Amino acid sequence: MITTEGEQRIRLLPEHLINQIAAGEVILRPASVIKELGENAIDAEATQITFWTESGGKERIQVSDNGIGMSAIDAELCFERHATSKIHSLKDLYRLRTKGFRGEALASIAAVAEVELFTRRAQDALGTYVRLAFGKKERTEPVRCAPGTTLIVRKLFHRLPARRKSLRQEETEHRYNLQEFLRLAYPHPERHFQFYHNHTLVYDLPPASQIERILALHPRLTPETLIPISEETPFFHLKGYLLAPERTPPRNKENYLFLNSRYIRHVSLQQTIHHTYETLLPAETRPLYWLFLEVPPEKVDVNISPSKTEVRLLEEMEIRRALVSVLRRAVALGKVPITGSPTASPIPLATVAELSPLPSEPVSPSLSQPSLPLIETKTAPPAFLLLYERYLLLRRGENLWLIDLVRAYQRILYERYLRRASSSQGLLFPLHVPITPLQAAQLQAHLPILEEHGIRLEVRESREAVLHGMPSGFSPASASILMEEVLRLVEEEIPPALWRETLALHLAHHGTPHLPQTLTTEAVENLWEELHTTSQPFYSPSGHRILRPLRPQEIEQLFTE
55 MITTEGEQRI RLLPEHLINQ IAAGEVILRP ASVIKELGEN AIDAEATQIT FWTESGGKER
115 IQVSDNGIGM SAIDAELCFE RHATSKIHSL KDLYRLRTKG FRGEALASIA AVAEVELFTR
175 RAQDALGTYV RLAFGKKERT EPVRCAPGTT LIVRKLFHRL PARRKSLRQE ETEHRYNLQE
235 FLRLAYPHPE RHFQFYHNHT LVYDLPPASQ IERILALHPR LTPETLIPIS EETPFFHLKG
295 YLLAPERTPP RNKENYLFLN SRYIRHVSLQ QTIHHTYETL LPAETRPLYW LFLEVPPEKV
355 DVNISPSKTE VRLLEEMEIR RALVSVLRRA VALGKVPITG SPTASPIPLA TVAELSPLPS
415 EPVSPSLSQP SLPLIETKTA PPAFLLLYER YLLLRRGENL WLIDLVRAYQ RILYERYLRR
475 ASSSQGLLFP LHVPITPLQA AQLQAHLPIL EEHGIRLEVR ESREAVLHGM PSGFSPASAS
535 ILMEEVLRLV EEEIPPALWR ETLALHLAHH GTPHLPQTLT TEAVENLWEE LHTTSQPFYS
595 PSGHRILRPL RPQEIEQLFT E
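Count along the sequence shown from 1, then add 54; that gives the number in the working numbering.
Treat the hints as calculated values from the structure; they're not laboratory data.
There may be inaccurate statements among the hints.
Label pairs and their calculated CB-CB ranges [unchecked claim]: (1) L485 x P550: 15 to 23 angstroms; (2) Q325 x L501: 55 to 63 angstroms; (3) L255 x E369: 39 to 47 angstroms; (4) P603 x R514: 32 to 40 angstroms.
Just so we're clear, the structure is a prediction, and the values are computed from it rather than from any experiment.
Every residue gets a Cβ at the ideal spot worked out from N, C-alpha and C, and that includes glycine.
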């Protein structure tokens, strides 16, 4: 075919550019390298796997294992695209029992970084050293090294400015790295995992049982709080643990679902698990679980996305039905009722002699259960009655109003916090909270922002958080509840722009002062006036009604039934 100048617009891309584009599907950030190299080490039958990272993995990632190693020929071939030891025929694709199989991981990593490989089989006297830089092989030679494989990845995305700029701060990338590390460590408790960051040992997880591995990663849990799961059906084998609902952190979003020892996201299965006992949990809280499904490889398609976290189950409906039955029975055996909704906790109310204008620093509610007398107070204008220590019947001119005092104070405290500049009040006795290294990384990345909101925190050795100061207006007695809220903010990656409103809601619900048995006219007047300076005097921050007019026809209605 004869073409004239300017007709050819389609050209074949050079090989190194093809590799860099393909790498974008597999290597999104340093955590992708952690995942791919860790999976390779597991597939290589390693019993000891150690990770090192620097600057959140942006400058250096090293993964060493004591696995079977590679021959000199394989050491060079492993960096070629679609070079794999896992697939020999189309049939192998439908009976996979390994984590990696595409043959893209090492090629993709080598295309976007500097890579060094040291590897040796136990039967070989010498190992092999290979060095590549951004897709180009620079050196291959024999080397003395321990059996197994060590891969060192440096300067990730250094020659790809746009990709480099897309990376987050060191603390954030470190957090992503730890998430991938945990997804490898949970389903393989029989192996020894270590993780170092900036020369500090973050995790040391020797071989253990499944429950010991979970407890090692969650030091605040105990065996009694975990409900064991174990079931064999014609469609799958299932084992694992559910955290007892009463111990599930408020608004929890964390959960771990593994299929054939591979961490997966499966919306349908995860929604099934959630719906099975969501009635036992507060709103916006999901169950925390570690579930390990084993399904015959021929019944699973993991070849959906390069990350291999999305899967297709060929007998999904049968698995979902069986899963519901298994979970219900396990929770019932764990002496936790699976039906019915949780009873709302009574609002704790305490008694004081008198409530002056709303105090600037509210006191924490008492945990004692109050009696519910009907109390009549003096009737100087404006006339009022305090009903059941919570509801105020107030006459303003010719009108009667019924006021929920708890919600009224919630609205006032909420708007006070939003209006004033953030300041911190020191704690006489700082609160010490044990945390996981993953939580430590999350907090470390947000310490300056937290301080802007009046929360002064210290993270010690990736194992403990120390709360030194709280926002002014918060009761010191609610420090532990505030810490749970802070951990939720950083774990769920809620944008810092929304933190002020979130903390205001927290103050409204946990900073409400003691409610009185008697009220003075001055206190009632101040309450009414301040409530009506707020943006929404008729509704609490949660959207519940505060004020309700009490009309004669409504009262008459009570006596006509």
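Hints, verified against the model:
1. A hinted range of 15 to 23 angstroms for the beta carbons of L485 and P550 is consistent with their spacing of about 22 angstroms.
2. Taking 55 to 63 angstroms as the suggested C-beta distance range, the pair Q325 and L501 does not conform, at roughly 35 angstroms.
3. For L255 and E369, the hinted distance range of 39 to 47 angstroms is satisfied, since their beta carbons lie about 43 angstroms from each other.
4. Distance hint check for P603 and R514: the Cβ-Cβ separation is about 55 angstroms, which falls outside the suggested range of 32 to 40 angstroms.
Hints 2, 4, counting from the list given before, are not met by this structure.
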